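If you want the building blocks of each chain, they are given just below.
Protein chains: 2
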Amino acid sequence: MKKALVFGGAGFIGSHLSAELLKDDYHVIVVDNLYTGTKANIPEGVEFLERDVTALCVADFPKVDEIYNLACPASPVHYQARPIETALTSIKGVLLSLEIARRDKAKMLHASTSEIYGDPIKHPQEEYDWGNVNTIGWRSCYDEGKRVAETLVSDYVRLYDVDARTIRIFNTYGPNMLRDDGRVISNFIVQALKGEDITIYGEGTQTRSFQYVTDLVNAVFKYMAIEKSELRRFFASVRLPIPVLNIGNPEEYTIKRLAKDVLRLIPESSSRLVFKALPSDDPKKRRPDITLAKKLLDWEPVVSLESGLKETISYFKR
Amino acid sequence: MKKALVFGGAGFIGSHLSAELLKDDYHVIVVDNLYTGTKANIPEGVEFLERDVTALCVADFPKVDEIYNLACPASPVHYQARPIETALTSIKGVLLSLEIARRDKAKMLHASTSEIYGDPIKHPQEEYDWGNVNTIGWRSCYDEGKRVAETLVSDYVRLYDVDARTIRIFNTYGPNMLRDDGRVISNFIVQALKGEDITIYGEGTQTRSFQYVTDLVNAVFKYMAIEKSELRRFFASVRLPIPVLNIGNPEEYTIKRLAKDVLRLIPESSSRLVFKALPSDDPKKRRPDITLAKKLLDWEPVVSLESGLKETISYFKR
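So the sequence lines, in the order shown, correspond to chains A and B.
Take 2 as the starting number for the first sequence in this note's numbering and just add one per residue.
Take 2 as the starting number for the second sequence in this note's numbering and just add one per residue.
Chain A extracted, bound-state conformation:
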């Protein structure tokens, strides 16, 4: 039986990955400090270690076949409450993953983020883009922590030939999101269900791309199925120094349209739209170029916003 380690496996995306790994007959070890993860998210059948990844070392783990590094608060409301811990979770979590992957010659998935592109100058974002990120702002703990984590992955790949694969995850939604994570889809749904005002920051004309979580999980499984030598050949052929893929849904929606769709799908809601000032450092727009993922994985997002929202709304109703 193959063993997989999932850092952050009680979180939104980590819990979906853990569930799929279980279906594939893996022995799954979840490590989560439950800061933003919840016990309710953890699928039955996993081995659960309630620990902070920053307090663990390689010797704490048995030999594993695969490592999924997803431990890090990802919502501004959470990471801004603990900025130093957030940066350190990114850094120490990826170092621990890399050291285990190196010891066990395991495959490793590193969850990076579209936030490494910051407030991008050109659209859509390609893997070749370097990003436009503030080092000293309120969002920096997450953005810069994730950026240097990518750097550490790259150097472990170059120096120690570690079989790490980086994905840059764009805006993702679905069941198991936290109600209070402060991100736009959960905010709108929760506000609509409670009959509260739906808050739009700015004029609502800023666009976002929204990926349903099962599309992301499918991409991850296809990515992890590829053998190292084939991966290396592919990324060398597209002139990227290490395996790194944008995974997201490139369809664009304005925030205002999203709010209206949510209200349409919750016809019983009595909520109204209200507009507030944009917070500082808020990324204006982000959309993935997924050319490389399509080519390498023969994958593209298939879940429409309509059906993804329906699933998510019924999750939040429960």
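It is worth saying that the hints were derived from the structure and are not from the lab.
The model shown is predicted, which means the values in this text are computed figures rather than measured ones.
Just to be clear, a hint being listed does not mean it is correct.
No distinction is drawn between identical chains; accordingly, a pair holds when it is met within one copy or between any pair of copies.
To be verified - Below, a list of computed lysine to any residue pairs in the SDA-like style, where the Cα atoms sit at most 25 Å apart:
id, residue 1, residue 2
1, Lys-277, Pro-242
2, Lys-195, Gly-46
3, Lys-64, Glu-51
4, Lys-295, Ser-315
5, Lys-286, Asp-120
6, Lys-295, Gly-138
7, Lys-106, Ala-82
8, Lys-277, Arg-240
Assemble chain B onto chain A, guided by the hints.
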């Protein structure tokens, strides 16, 4: 007697700072692993601890009044040989400095770098600029390590009111540089003194700004002399969230002109100019906007390239 801690005090810039602190009657404790620092650089009279900052903790240090965090290899030739250690030195060195500063309510100088601006899109660089940096390249260990270090400083300032001051040091030269650090001024001087070909990467039309080390040291002393409350007022008035200053010389020289100046100042040299291809990720151009430093410190660089080069050439001759 005031106590000052200098991480990287056996290095090029750290050794000059240590010497000036001694002149000001400080008890100076230098911590250096001698990877790029040398014993010869350490001024007589300091307490020297030959240790790696990544292996130390707060309890290893007595109460100090000031901390200067300069521990990190800064030349591509050195940091690319140890990329992971370089990133970790940046990260752990700044965390240790911040924790000591927090414990002792000490003033702290954090040495950041113009490299956080990467390959800038606009010139000159202002403190407000976010930079254009590759996360997965060969230079990333230094650039991204330094970027996230700035982030950690910012969050310690915001959360714990630590009295940290960040400087972004632009290209600096002078005595105590390593002969083999691979940077352009030491390369050219050493090549000229040996009668070897002087290597210019690209066409030599790329410009650089060069700051003589005593100008930098003067800026640092003026910066550290300012009281915290005054600093905070100043940076709030210029709409920067934390104290951060560019320190460099904005005068621009082409690499080709520098090579010719070096040859003119070493008339006995038999060297010729040769041209090679630009390495990947090489920053094309960088020049500091020092408006804020001028205003806050009543400072500007006063040493001409001519006289700085003369001093540096006579150092390398010895």
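Hints, one by one, checked against the model:
1. Lys-277 x Pro-242: Intra 42 Å, inter 23 Å, cutoff 25 Å: inter-copy only.
2. Lys-195 x Gly-46: Answer is neither; intra-copy 34 Å and inter-copy 70 Å both fail.
3. Lys-64 x Glu-51: Within one copy, since 19 Å is at most 25 Å while 37 Å is not.
4. Lys-295 x Ser-315: Intra 30 Å, inter 60 Å, cutoff 25 Å: neither.
5. Lys-286 x Asp-120: Cα proximity of Lys-286 and Asp-120: in one copy and across copies (7 Å, 23 Å).
6. Lys-295 x Gly-138: between (34 Å within a copy, 24 Å between copies)
7. Lys-106 x Ala-82: Answer is between; shortest inter-copy Cα gap is 23 Å, intra-copy 36 Å.
8. Lys-277 x Arg-240: Result: close only across copies, 22 Å inter versus 43 Å intra.
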